[in-house]
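Engineer: Listed here are the chains, written in short residue letters.
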Amino acid sequence: MANEIDRRTFLRVAGLSLGAGALYQVAPALAGGLADGEGGDVAEAQRRANGEAVTPFTFVQLSDTHVGFSGPPNPTGTRAFERAVELVNRLERPPELVLFTGDLTHDSDQPGEPEARLRRFQEIAGRLKVTERHVVPGEHDAAADGGVRFRGVFGPTSYAFDHRGVHFVALDNVSRARPEVGPELRAWLRRDLARFSPTTPIVLFTHRPLFDLKPEWEWFTADGDEVMRILAPFENVTVLYGHIHREDRHDLGHARHLAARSLIFAFPDPVTAAEKVPARFDPARPFHGLGLRLLERGAAAGGRLDAREVELTLRERSGTEGFAQLLRPTSL
Amino acid sequence: MIATPLRHALLALALLTSPAASLAAPASGEGAVRTVEIVAHRFEFTPGEITLEVGQRARLRLSSQDVTHGFYMKALGIDATIEPGRVTEVEVTPAAPGRYTVICDHYCGSGHGGMKMTIVVR
Chain A
1 MANEIDRRTF LRVAGLSLGA GALYQVAPAL AGGLADGEGG DVAEAQRRAN GEAVTPFTFV
61 QLSDTHVGFS GPPNPTGTRA FERAVELVNR LERPPELVLF TGDLTHDSDQ PGEPEARLRR
121 FQEIAGRLKV TERHVVPGEH DAAADGGVRF RGVFGPTSYA FDHRGVHFVA LDNVSRARPE
181 VGPELRAWLR RDLARFSPTT PIVLFTHRPL FDLKPEWEWF TADGDEVMRI LAPFENVTVL
241 YGHIHREDRH DLGHARHLAA RSLIFAFPDP VTAAEKVPAR FDPARPFHGL GLRLLERGAA
301 AGGRLDAREV ELTLRERSGT EGFAQLLRPT SL
Chain B
1 MIATPLRHAL LALALLTSPA ASLAAPASGE GAVRTVEIVA HRFEFTPGEI TLEVGQRARL
61 RLSSQDVTHG FYMKALGIDA TIEPGRVTEV EVTPAAPGRY TVICDHYCGS GHGGMKMTIV
121 VR
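Protein sequence lines correspond, in order, to chains A and B.
Mapping the first sequence onto our numbering, position 280 (from 1) lands on 280, and the numbers just tick up by one.
Mapping the second sequence onto our numbering, position 9 (from 1) lands on 9, and the numbers just tick up by one.
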């Protein structure tokens, strides 16, 4: 092999869950100080092929905030979401982007309430000290009205942008009421990707999984296979999604599918659980299941990245003393 | 929404390729067809469980009491939309025994995620 770092390893989007979402580091080999030598060669080859070289940056995925949800699985409302925002703002290496993978709000039949919940989401998300925030809808945001309200607040539900040599695609798989992308959006995706070389790193973020994770729990996208066929020519594809309220990693061909946890409650393991029921709320550990997995560069040579699991606790992460204090408005 | 003819074509393809069901024959053997009425309403199907026999052709007559619902079970090749005010018919001939969970896959409200029923095939 000409280079010790092959192209795919070099460009991999190293995704590790943040519990409160997920923190991703792009081109970790470069971040590890290998911008010269082999890493630099690959970067230059990328720049020539794609017009822009990949340069290191981090970003965060947050998912399933369900603003407006009220019920036994989580009586604390938006507290986990707000906690996550605080934590992201305290990260030693600030992310350049924050992506929200759907179900920003919990739906409501009450007139005016869906709009109020979208505004509340915007208010909390607006506290993030990042330059760019990007959202895709979940079914609770957009399925009831075909995405009309969502588009009124955030603009198109599917779109694309480039950032430091990575092509990002937001793909709506909820607004048609069924779990599907649909022929029009698939055609749009095909056109959008046509200008990129196969070596361009692609990060596609959406709400539902694009593969049959658990169809009987509606954890699938009916035309997900067709979407993945459109992405098949690309060597480095990362699909970020939410919906399942738990971490998951699934490698299919050139694509890695990563789910982030919810910020409202957790769903059980689809392999072992008979029913899709939210995890029971534990007042002693109100953020249980909403912990963190931080991606950090280890001390070892070669820029290897180490994962550190951190479960949010009241005392360590919020400075509060217990569940009762958490529920007091002044505790934040 | 996938146009109805396309959905029917996809359903037919799914039926042909499904390990658990086979495409119903044309209506020549009407006497052998078992008919089951299923009513959808937010966020339940009634009845919540039905039993079919392996190899026996069944006709499911689906109706909605409120909004549009879905009726989806991939392994049985079932993929239908239930519009209020009309009956949607689905035919299935189960090929393998088991318990199959049918879900509503057309978003119908905040309880949509738990809307399901069971088809027992023996």
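Don't read these hints as lab results, they were simulated from the structure.
No residue lacks a Cβ here, since even glycine has one placed at the ideal position from N, Cα and C.
Please note: incorrect hints may appear among the correct ones.
With the C-beta cut set under 10 Å, the calculated list includes, among others, these residues of chain A facing chain B [to be verified]:
| hint | residue |
| --- | --- |
| 1 | T58 |
| 2 | G77 |
| 3 | G126 |
| 4 | A143 |
| 5 | A144 |
| 6 | F211 |
| 7 | E216 |
| 8 | V277 |
| 9 | R280 |
| 10 | F281 |
| 11 | D282 |
Engineer: So, for every hint listed, does it hold in this structure?
Structural biologist: Hints, verified against the model:
| no. | hint | in the structure |
| --- | --- | --- |
| 1 | T58 | 32 Å, violated |
| 2 | G77 | 15 Å, violated |
| 3 | G126 | 25 Å, violated |
| 4 | A143 | 3 Å, holds |
| 5 | A144 | 6 Å, holds |
| 6 | F211 | 13 Å, violated |
| 7 | E216 | 4 Å, holds |
| 8 | V277 | 8 Å, holds |
| 9 | R280 | 16 Å, violated |
| 10 | F281 | 18 Å, violated |
| 11 | D282 | 22 Å, violated |
Hints 1, 2, 3, 6, 9, 10, 11 from the list above are not met by this structure, while the remaining hints are.
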